[in-house]
Each structure stands twice: as structure tokens, then as C-alpha cells.
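Peer 1: The listed protein sequences derive, respectively, from chains Z and Y.
For the first sequence, numbering that gives the first Met the number 0 gives the first residue as 0, with consecutive numbering after it.
For the second sequence, numbering that gives the first Met the number 0 gives the first residue as 0, with consecutive numbering after it.
Keep in mind that the hints were calculated from the coordinates and are not lab data.
Beta carbons are placed, not taken as given, at the ideal position from N, Cα and C, and that holds for glycine.
Be a bit skeptical, because a hint or two may be false.
Computed list of lysine-lysine pairs in BS3-like fashion (alpha-carbon distance at most 30 angstroms, straight line) [stated by the list, open to error]:
hint	chain 1	residue 1	chain 2	residue 2
1	Z	Lys226	Y	Lys43
2	Z	Lys381	Y	Lys43
3	Z	Lys140	Y	Lys43
4	Y	Lys109	Z	Lys207
To give a feel for the contact side, a few chain Y residues facing chain Z, derived at Cβ under 7 angstroms [said to hold, decoys possible]:
hint	residue
5	Phe14
6	Gly67
7	Ala69
8	Gly73
9	Phe119
10	Thr123
11	Cys134
12	Asp140
13	Tyr152
14	Asp159
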Amino acid sequence: MTGRNHRPVYYSRILQSANERRAETHPLTWRLNDDGSLVGLQDYLAKEGYRAVKTVLNEWSGQDVIAAMKEANVGGRGGAGFSAGLKWSLTLQGGDMPRGYLVCNADEMEPGTFKDRLLMEQQPHLLIEGMILAAYANNSKFGYIFLRGEYVESARVLDQALRQAREAGWLGDNIAGSGFDFDMVVHTGAGRYICGEETALINSLEGKRANPRAKPPFPGQSGAWGKPTVVNNVETLCNTPAILLYGSDWYQQLSGDRTDDGGSKLYGASGLVNRPGLWELPMGTTGEEILELAGGIRNNRTLKAWLPGGASTGFLLPQHLTIPLDFKNPGSEGSRLGTGLLTVVTEDQSMVSLMRNLEQFFARESCGWCTPCRDGLPWTVKLLQAIENGEGEEGDIEMLEKLAADCGPSLTFCAHAPGAAMPLETALRHFRAEFEQGISRPRGVAHADPIPVGSV
Amino acid sequence: MTHQTHATTIASDGFELHPEDVAAIRHELAHFEQPEAASIEALKIVQRRHGWVPDDAIPAIARVLGLGPAAIEGVATFYSLIFRQPVGRHVILVCDSSSCFLTGYDDLQKALSKQLGIGFGQTTGDGRFTLLPVCCLGACDGGPAMMIDSDTYGPVMPEDVAGLLEDYS
Ligand SMILES: Cc1cc2nc3c(=O)[nH]c(=O)nc-3n(C[C@H](O)[C@H](O)[C@H](O)COP(=O)(O)O)c2cc1C
Ligand code: SF4
Ligand code: FES
């Protein structure tokens, strides 16, 4: 495979084959092609595409849409799990409220997360349809897909799909003869993880530095340019068409009796597994099932720990593989679902080195507004570097615990700092001995198990 | 909102915005309620032509948008993909986030540095490549991942590096 002329071009892949993915059970991915090629407008239309828009815009009220979304209890797929229906009911549309904005959060920068890219690059019309429906429910006049700058292919595919949708009358004035007007554009970002935080995103959209805003007012009341603004993740919006076509009961039973949360979810796995990738599975699928689909750990290594949904979730252990990965259950172990894409750590990989890498990310990406985040995170990096080099001192672990606690929920302006604290707190709790090894030991022999070099 | 639509050249201390860029920036204004919102895209438009955003471009952009230069400068310094120093003809972004870290980032970064003779933040002497770290590229199932210009690669093994770079002259 490797060699001078090997060009390892990356593209997003769903690892279930087309005959495993059906409309009734895989609302997000059943239309996708096995070879990863684009589901264009004609393919999409042939597979029920824009049927929800046609029906709903002509026959339902916006309130009906919100009621259906509330009943389906769709938890936001951007990581926090807030009910989309509830969010949509807060825009206070009607009366003398001006029409506001709908923003799709396509900033996808959480380390370990690669799901929204698949939906945008291979099936752009499902997202566009979901956005039209969300705009209708919220009476939004214009939409933005806030896309991270590095997703060049997503931007190309979405721009083309928006043009086609506009030409076909799915965007613009009087959509599908319903009298509803809505249009949208792709807005590409210019780097910085913090842009994914929804109020920072709104600042960035307005052309400002991406510092989060104080809440209240919530964006639904006063967001972009002071207008009601709804921000939802790509995957959340992609769930909407099927829910409105098939109903909330259908959506609920997609997850069977595994969990109280309904629907399906894009789960994934990365790290040293045999088949890293993505699968659409019932909400509440366990880590064990996902790891099995991923073909287990590479090269007969063993599992040491795993993050259930990105860098800002807490470390879980092999014994936690049977926990249903939903919005509630990982919480009992000090973690959370996050984005639902597993990062796997093997027995021979150092938790100290990995933690140093994670905190370097969080420190670099802090927007610098709050003290525990701006000053505390670089300090954790310093301490972790010292421990990694065997130069840690007595009290360093306690200091790391304190710095993590200072970044806990509601102590800072946004959830970036709590996101940095959760993996640190759980790593210190589960792997304290590994951190202790790095204290007052000769340089170089401190940790028996660095991240393997040259052996992957 | 009304905007001039004809292409004009906007000069500022020796820096001239290309008429096409002025037109592109004005076109962007139509997407937003306030001109400030076009500032990031305006910086990207200038960067696409010049490879980076020279200091003198800031007041020129500010004038097209009808804003003060401080607002544009504040934005230009915040975002990591706006380059404020000259970069090479090709920019290599190497993912240094967790999944890539666990799948061979270290070897990849070393192979790149060795092949190019530069470290992060540096440009090769012939002006061909600039090497930069980047947050998770959303290609974690293909870790270790990297981009060269707008092309995404992964998993990239150290032995792939020389062949990959050959395609970018
Ligand atoms: C630092 C930070 C980064 C975030 N990045 C993203 C992101 O890239 N994509 C995303 O959808 N949500 C991200 N979020 C969550 C958003 O703030 C927000 O909850 C989400 O867009 C709401 O959409 P949902 O309810 O559909 O999930 C981030 C949050 C924080 C604190
Ligand atoms: S917690 Fe960190 S990222 Fe969030 S507002 Fe405070 S300093 Fe900025
Ligand atoms: S961690 Fe490198 S692409 Fe996600």
C-alpha cells in the first residue's frame, strides 16, 4: 500500500453497506452510496427527497413542526444534547418579532469527531431540506451554514447543491408553492475551535472575534444582529425530514428499549482499531458494539481507556463498554455522550502524554476571556509536560486536580473550560499511578509506556 | 443596503486591492445585515490572491467595507487560518489532535520536518512549503491526517511523505 506513489487521499466513509441501511431504520444514511459518491439532487428526489418540505410547508403550521420535534425529543447532536424542539419553541416567532436567522453549526472541530463531514460531502440535500423545515418552524428569513474553513470539499458540494435547490424552487420565494420564502448561503470560517460554541459562532458570523456571548439573552431571543437566531448541529438538522414524515413514535422506537432517548445516531471509532469509521446505529448503542464493528483493537493490543464523544468528554474504562451511549447514562461515570465518536486508547499508550496533547489543544484554543481557562490551561500543560518528562514534583497532581476543578461547569463563560476539565479529572481519577510515575523520577524513564513511535 | 457595484481599485500605502477582489468583497456584503460581517471573507479573498494578508491590506479592506482598520486588524489577528506573514506556495496543515496523536502524528511530523528541513511555523528556503499544525481535521478515521492546500490526506505514513510532496511544485 505504501511507497513513493501511494497517495492516501482521505474521504469520509460509512462502513455499513447499502443493503444494511434502510429508510425505516437509517434515516440519516440510507441514501448514501457504498462507494462514497455524491447523492445528487436527482438521486435525492428519487429517494423521498424534499417530500417533507412539500407536505409540511403546504399543510402544517410552524407550531405543528415544533410540536412534532418536541414530541420526538431530539437531543442536539452537536455535543450538548439540548432538545431541538424546545430550542425552536423559544424563538417567540409571530407578533411583531422580526424574522430571524437559522444557522447550521458545521464547524466540526472537536478532536475525534468526523461525522458532519460525511453528511455534507455525500448528501447535501438532506441537510438543506432539514434547514428549510427548521427555518419554516422558526420563521427564519435567511440561513447560514457555518462551515469550518478546512472543509473545502464540503463547501464545494454544498454550494453546488444550494444552486441546484434554488433552481428547482426548493429555496427562494414561495418554496413549493407554499408562500414561504427562505434562502441560505455557506459561510466558511477561518480557524479556531471556539467558533463552534454557538454564541461565539454568532460573533464570528457578524465579523467579530469569536468570543462567546453572555446568556441570557439566548440566541433564540436575540442572536445574529439582535434577531432571533437558531443554531443547530448538522446531524440534528438532518434528522428533521424523517421525523416529520414518519412521526415521533417511529423516531422513538428506532432506539428500541435501550434508552429513553429516541432516534438513530452516527457513531464512530478512531485510534488503533482495525476498522476506524462511522456507523448509523440506534441511540443507546454501547461501546462494546461499536468496538466490535470497528474490528477490535489493532495488532493484539488491549484497550486501556476510551473517550465516548470527543476531546471534551471524560475517559471511560473497558468495564464501561456496556453503558448505553445516550444523553444520560455516561454521566454516571463522570463522562457524557458528546459527539458519539469513540477515541480508543490502548494499554501501551501513555495517559500522561495523551493528556498533555489534549490540554495543549484546549489551551491553544481558549479564547482568553476567563482566567481559569486562559491562565489555568497553559499551567496544566506545563505540569503535564513536566510529569511526562519525569520531572514532576510533589503536589503537581493535586494542582492538576485543582486546576480541573476551577474549570468545572458554570465557573467560566462558556463550556470550553469544562470540556478541558472532564478528560483531565477522569484521567487523574482512573490512572493516578501513571501520573505518579512521572514525579521525581530520572528523565526519560518516567513513564514506561510512551505513545508508540513507528509501530502503528 | 446599497453598494457600489462597479469595480474600483482601492489603494492604501502602496498596497492595491485587485479590482476583482474589491468586487468580490462588495458581493459578499449582500449576504449580511452589516458590512462588518464580510470582514473575514474579505481577508480570505485577499489571502487567496497574495497567499497572506500584508499589514497594508488592512486599511484597504477597511475602506471597502466602510469600517475602521482596528476592527479588521482585531479579526485578522484572531483567526488561525488568516496568515499575517508570508507563507510558501503550498501550506501543509498537520493535524496534531488526539486521534492523530494516537495513530502516528509524531512520526509523520518528524518525517515532514526531515524531508523539508523546517519545523512548524517555518517556510522552506525555496518558498515552496510552509508547515503548520492544525486542530482535528475531521478525518480521524484516517489518522494521522494532514492537508496540503485544499487536499486532505490520511492515513499518511512517513514513507508516503516524499511522494506526496512531489505533486506540489
Ligand atoms: C468550545 C465549544 C465548541 C463547540 N463546537 C461545536 C461544533 O463544532 N459543532 C457543533 O455542532 N456544536 C459545537 N458546540 C456546541 C454548540 O455550542 C451548540 O450547543 C450546538 O451547536 C447546538 O446544536 P445542537 O443543539 O443541534 O447540538 C461547541 C461548544 C463549545 C463549548
Ligand atoms: S471558558 Fe475559555 S473559551 Fe470559554 S469564554 Fe472563557 S476563556 Fe473563552
Ligand atoms: S484528530 Fe486528527 S483528524 Fe481528528
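Peer 1: Enumerate the violated hints, using their earlier numbering and listing them in ascending order.
Peer 2: 2, 4, 5, 6, 7, 9 and 10
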